[in-house]
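**Q** Sequence:
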Amino acid sequence: MRPGRVPLDADRIEPAPGTSEAGADREDQTNMSLIELKGITKSFGAIHALNGIDLTIQPGEAVGLMGDNGAGKSTLMKIIAGNFSPTAGKILIEGKPVHMTRPIEARENGIEIVYQDLALCDNLTAAANVFLGREISTGVWPFRKLDYQAMYAKAGELFGELKSETRPRDLVKQMSGGQRQAVAIARTRLSDPKLVLMDEPTAAISVRQVKEVLALIKRLKDTGHAVILVSHRMPDVFDVCDRVAVLRRGTKVADKRITETTPEEVTGLIIGAIEAA
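Mapping the sequence shown onto the UniProt record's numbering, position 249 (from 1) lands on 249, and the numbers just tick up by one.
Simulated pairs of lysine to aspartate or glutamate, DMTMM-like, Cα-Cα distance not exceeding 20 Å:
{"hint": "1", "residue 1": "Lys211", "residue 2": "Asp242"}
{"hint": "2", "residue 1": "Lys221", "residue 2": "Asp192"}
{"hint": "3", "residue 1": "Lys256", "residue 2": "Asp54"}
{"hint": "4", "residue 1": "Lys256", "residue 2": "Glu36"}
By construction, these hints were calculated from the structure, which means they are not laboratory data.
The task is simple: from the sequences and hints, build the whole structure.
**A** Rendered as structure tokens:
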């Protein structure tokens with residue numbers, strides 16, 4: 001361009017196809033992890049429960065978290081769920097750093113957890129458990145009242161999405177283990193979470209009920225939810241998970257795709273017969 005000439009639009013050099021800033025942004029969003037843990041460390045006084053854990057979860061991915069008792073699985077889950085704050089390290093959700101000190105903050109960031117004991121009230125119906133603490137009501141204060149029909153309808157919709165035979169009006173105390181899991185999972189879906197944490201969901205239930213629970217986990221994946229599954233049951237992890245991460249004495253010793261490992265290798269990693277992979 002000649003000196004003193006005002007630049008025209010025609011003088012501007014267009015970026016090559018596929019290299020525009022907008023294109024780069026779209027690519028970053030496509031490749032962005034749902035949640036990323038960087039160097040997560042947790043100490044309780046002189047006890048080091050977790051040592052520099054790195055872990056990423058992609059949208060719609062199921063990751064099995066395995067390890068012996070005391071390996072740090074529950075501590076890591078509680079940090080992701082907002083029950084504990086890490087001593088060191090960072091948590092990023094969709095690329096943005098977050099600091100969560102309470103479960104409500106994890107929920108606000110799209111994270112829900114199904115605890116091993118499920119935390120259900122046996123004397124209430126399935127619908128009442130799904131909406132416990134988040135009841136639907138109508139009217140204006142002080143004349144507000146619970147809208148049971150709306151809660152029954154929504155609970156039925158959630159159970160239908162999970163392909164569960166659980167009925168909204170059934171009492172929880174009369175349900176099988178698989179149906180109780182359906183209630184707990186339906187409750188997490190009220191907030192439309194991006195990530196569901198599941199702590200030993202197939203422990204102490206029958207073989208038939210295990211199949212029901214695994215089907216529920218697959219349904220979560222099919223609807224785009226990411227899942228972290230803590231389990232001691234190797235067949236369950238290999239059935240529903242895309243990857244398996246192994247913790248040993250608070251350290252991550254492996255993070256492998258299910259298609260690239262075997263139950264024998266994972267067992268060796270858990271007990272220390274294999275140092276790391």
